[in-house]
Amino acid sequence: MNAKVLQVAGAALLYASLAAPGQAQQLNLPDMSRLAADAKEVVDVSVDQAMLGLAAGFLSGTGDDAAIKTLLSGLKGIYVKSFEFDRPHAYDPAALDDVRRQLSTGGWIRLVTTRSAKDNSDVGVYLFREGEKTGGLAVLVTSPRDLTVVNIVGAVDLEQLRQLQGKFGVPSDLGVDK
Amino acid sequence: MNLESRLRDALQPVDPPAGFASRVRARVERDMRAEHAVGGGPSASGWRSWMATAAAVLLLAVGGYGYRQYEERRDALAARSQVLLALQITSRALETVHRQVVQADTGTDAPRDDAGAEGDER
Chain A
69 MNAKVLQVAG
79 AALLYASLAA
89 PGQAQQLNLP
99 DMSRLAADAK
109 EVVDVSVDQA
119 MLGLAAGFLS
129 GTGDDAAIKT
139 LLSGLKGIYV
149 KSFEFDRPHA
159 YDPAALDDVR
169 RQLSTGGWIR
179 LVTTRSAKDN
189 SDVGVYLFRE
199 GEKTGGLAVL
209 VTSPRDLTVV
219 NIVGAVDLEQ
229 LRQLQGKFGV
239 PSDLGVDK
Chain B
236 MNLESRLRDA
246 LQPVDPPAGF
256 ASRVRARVER
266 DMRAEHAVGG
276 GPSASGWRSW
286 MATAAAVLLL
296 AVGGYGYRQY
306 EERRDALAAR
316 SQVLLALQIT
326 SRALETVHRQ
336 VVQADTGTDA
346 PRDDAGAEGD
356 ER
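Sequences listed follow chains A and B, in order. Counting in our numbering, the first sequence runs from 69 upward without gaps. Counting in our numbering, the second sequence runs from 236 upward without gaps.
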């Protein structure tokens, strides 16, 4: 009986150790339902690897679709929460504290953070490094009327990101290099 | 001749001609042999019911497959639009980063941190 318990515990530990690297670059996004109730517009996208595969199947192999398809091929998930409020300071600035805490640990590296006094907005771009490779991307944008968290899990190739630039309004001079 | 006697004459039993029974049996055997020669299967009405059943099964199979295809297509299109929406929001966020970096470069605003720094931003 004890041997069985040990076996189960060992298997659980092994699973946890194997699963941990995949979880680290996936942020544990907090429940933001209270924010959603006050927001004018809410976007909550949660696309896992299976859904990415489905979506990729409906992208053609030419033009912009081909670039997006290539970008998606290395990804394991895309998670976006975005809120727009009709009045300024409608949300608690501490709403993202937990996310920021997660980004300050593990393999996350801050690529750039900026504050605009003009817009009164804060922006942070973070990369999850797995050795020489990028295992994830996180973008936090906060302004008095907006709050956006983007978490892309998987091999975000900055070169592919560069290819994405201009296709969704991404500027062609983002200033990110490998 | 009255009606009664005419009826009696008409309904009077008549013996079959000689060899009638053997001719009937031979005819039945010949027909059965012919059916077996064609395929050994059921009669024409049997074939019709088989065909109807097969058609119904085929219709159900095709219908089920078509519905599965429809569901998969619907899910895939939903996933595709979710992905595109996520990429749009990501690009908008990156656009904000870009704008602020450019503002910082031109001196209209200042970046809070340098690129590549590690640790909490707060």
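Quick caveat, the hints were computed from the structure, so don't treat them as lab data. Just so you know, these numbers come straight off a predicted model, no measurement behind them. Don't take each hint at face value.
Unchecked claim - A few chain B residues facing chain A, derived, Cβ under 7 Å:
{"id": "1", "residue": "Ser257"}
{"id": "2", "residue": "Leu293"}
{"id": "3", "residue": "Ala328"}
What the hints assert, rightly or not - Residues of chain B placed beyond 12 Å of chain A at every Cβ, according to the derived structure:
{"id": "4", "residue": "Tyr302"}
{"id": "5", "residue": "Ala313"}
{"id": "6", "residue": "Ala321"}
{"id": "7", "residue": "Val332"}
Glycine is no exception: its CB is placed at the ideal position from the N, C-alpha and C atoms.
Hints and how they fare:
1. Ser257: 73 Å, violated
2. Leu293: Violated. Min distance 27 Å.
3. Ala328: 4 Å, holds
4. Tyr302: 17 Å, holds
5. Ala313: 8 Å, violated
6. Ala321: The claim breaks: alanine 321 of chain B does not keep its Cβ more than 12 Å from every Cβ of chain A (closest is about 4 Å).
7. Val332: For valine 332 of chain B, whose nearest Cβ neighbour in chain A is about 5 Å away, the distance does not exceed 12 Å, so it is violated.
Of the hints listed earlier, those the structure fails to meet are numbers 1, 2, 5, 6 and 7, in rising order.
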